[in-house]
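**Q** Residue strings, one per chain:
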Amino acid sequence: MLLVPCPNCGPRNATDLRHVGESTSRPDPTVATPAEWRDYLYMRNNVADWNTETWYCTRGCRKFFKLERNTATNEFRNPPMPGSKVGGVA
Amino acid sequence: MAFFSLNGSKSRGQKRGTSYSAGGLLAKGLKGEDWPRVWRDVPLKSSYDVVIIGGGVHGLATAYYLATNHGITNVAVLDKAYLGSGGSGRNTAIVRSNYLTPEGVAFYDRSLSLYNTMTEDLNINVMFSERGHLTLAHSDSALRTMHWRAEVNKLQDIDSSVIDPQQVKEIVPSLNISPGAHHPIVGALYHPPGGIIRHDAVVWGYARGADQRGVEMHQKTEVLDILCEGGEGPDGKGAGGKVTGVRTNKGDISAPIVVNCTAGWASLISDMAGVKLPITTQPLQAAVTEPVKVFLPAVVVSGSLHVYVSQTDRGELVFGAAVDPFTNYNVRGSLEFTEGLAGHILELMPGVSKMRLLRQWAGLCDMTPDYSPVMGATPVEGFMVDVGWGTYGFKAGPVSGEQMAEAIATQQTPKLIEAFKLSRFEAGTLVGEKGAAAVGH
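Residue numbers (my numbering), protein chains in the order written: chain A, 90 to 179; chain B, 10 to 450.
If you are wondering where the hints come from, they were derived from the structure by calculation, not from laboratory data. The beta carbon of each residue, even a glycine, is placed where N, CA and C say it ideally should be. Hints should not be assumed to be uniformly reliable.
For the chain A half of the interface with chain B, some residues (derived, Cβ under 7 Å), not all of them [claimed, not checked]:
#1 Pro123
#2 Arg127
#3 Tyr131
#4 Asn135
#5 Ala161
Pairwise CB distance ranges, derived in the manner of DEER restraints [said to hold, decoys possible]:
#6 B:Leu164 with A:Thr113: 34 to 42 Å
#7 B:Ser313 with A:Pro168: 29 to 37 Å
#8 B:Val340 with A:Leu130: 23 to 31 Å
#9 A:Phe153 with B:Thr128: 47 to 55 Å
#10 B:Pro359 with A:Asn102: 23 to 31 Å
#11 A:Thr104 with B:Ser30: 47 to 55 Å
#12 A:Arg166 with B:Lys302: 50 to 58 Å
#13 A:Pro118 with B:Gly360: 49 to 57 Å
#14 A:Pro123 with B:Asp261: 33 to 41 Å
So the derived list for chain B, only partly shown, Cβ under 7 Å to chain A, looks like this [what the hints assert, rightly or not]:
#15 Ile288
#16 Thr289
#17 Phe335
Isolated chain A, as found in the complex (with noise of 0.2 Å):
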């Protein structure tokens, strides 16, 4: 079980939320190189460290919010205040 710490609901088990993945920064596409969109797309740092993600709370306030978890140890930190503005889909 891995509880996530939503600003909204509070910590929810994991099964209550979808990880949309590693948090990214989208490129103009009016002027990215192939490159460049496809480090956007694709490439991850995949880390065994602290990372920032996009949660979305599936079965409760059905927001995205970014969340800082250590993907070795699975422990969140820092989260959000509730109701702050967070985040947009990676």
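With chain A fixed as given, assemble chain B onto it according to the hints.
**A** Chain B in isolation, oriented as in the chain A frame:
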């Protein structure tokens, strides 16, 4: 290539060491002697022609075929734990070749044919049981995918066909084919050449074969860094550079070719050379029950229910599932997995409701966006990868070793793995292997 110490033999390298026979077993038993160590434990040298990171089936097969097919024997295989401690010993040992893309079918079929002759080739009993492989369909759309796969398979002479629920019941009588089931079985893709194999024996066979031909295996030897020069990134790493060696917990090694054959750690190892990969790491959990009398004659897979099951010769049911729903490097089991697994298995085979689980475990899967591996050269000269093995690494072990060895020896990409090159992500030529076990239908 000048830096390889070719020993002249193109087909078979030097063989030495123990061979096993019934007579030898009897003699040893009568004399009460210990068996000698199967592979040598030698000190790490300061330089090799090829360094392979990862002592699993992929790394060992690559070393074995380098020595056997190409006569390149100045090779070290490094593993931070023991041989076969990763995915090679954690998979559910299923082999098959009924994939969906022509590239995938040709590739996995070559692997299956190498598995077929492995017991003789490596002189070790890998216990290959060609028992047939059933992929169940629970909906019209799933059945349509099965027909599609069957036609792709038939075009490449793979024994693969769609059968109806009654035929499914004849092959596996314990399956519930009632149309009233929550997920009724409406048909299945039947692949008679599929089966299960003893994965430890495959690892040991390749390790012993490679050792006999002069390859060195170094266990408990962790790669801490990959040494590069001339690259655009810090410390000469990254595109445009070339590999000069690796730094391990037992000292530095210089090598013109370093191959990343790891699973689970593929991103982290490639990062040491400044090469970014399109990979996310997710654990996949598996479980095994107490042993019972043999009743399950084939491998049964349900993509919709995310479960696959086979029965070992000892009588245990071995279950696998989909990868965990979020990326992480933690191999702890979860109750959600066991609960989901039990529910899905009972849906298929209500008769096993009283069976008890013996244990569960997890292995790390390096998932790529198109469910296909990443093989061959990278933007760093001399740094090669055989990674991104998702949920299909074990069954591809022999062919990956064979093809990677050819890629290393010739420094050209063999045709069979051309489709799996890293540059496909930039070119937009993804493979889209929807016949992979992780894909639900």
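**Q** For every hint, state whether the structure bears it out.
**A** Verification of the supplied hints:
1. Pro123: With a minimum Cβ separation of about 6 Å from chain B (threshold 7 Å), the hint on Pro123 (chain A) holds.
2. Arg127: Given a least distance of 5 Å, the restraint on Arg127 (chain A) holds.
3. Tyr131: Holds. Min distance 4 Å.
4. Asn135: holds, 4 Å
5. Ala161: holds, 5 Å
6. B:Leu164 with A:Thr113: 34 to 42 Å: At 39 Å between Cβs, range holds.
7. B:Ser313 with A:Pro168: 29 to 37 Å: holds, 35 Å
8. B:Val340 with A:Leu130: 23 to 31 Å: This hint holds: roughly 28 Å between Cβ atoms.
9. A:Phe153 with B:Thr128: 47 to 55 Å: The hint (47 to 55 Å, Cβ to Cβ) holds, given that Phe153 (chain A) and Thr128 (chain B) are roughly 53 Å apart.
10. B:Pro359 with A:Asn102: 23 to 31 Å: holds, 28 Å
11. A:Thr104 with B:Ser30: 47 to 55 Å: The hinted range 47 to 55 Å holds for Thr104 (chain A) and Ser30 (chain B), with Cβ atoms some 54 Å apart.
12. A:Arg166 with B:Lys302: 50 to 58 Å: Given range 50 to 58 Å: holds, Cβ gap about 51 Å.
13. A:Pro118 with B:Gly360: 49 to 57 Å: holds, 55 Å
14. A:Pro123 with B:Asp261: 33 to 41 Å: holds, 37 Å
15. Ile288: Nearest chain A Cβ about 6 Å off; hint holds.
16. Thr289: Thr289 (chain B) check passes; min Cβ-Cβ to chain A is 6 Å, inside 7 Å.
17. Phe335: holds, 4 Å
The structure is consistent with each of the numbered hints, conforming to all of them.
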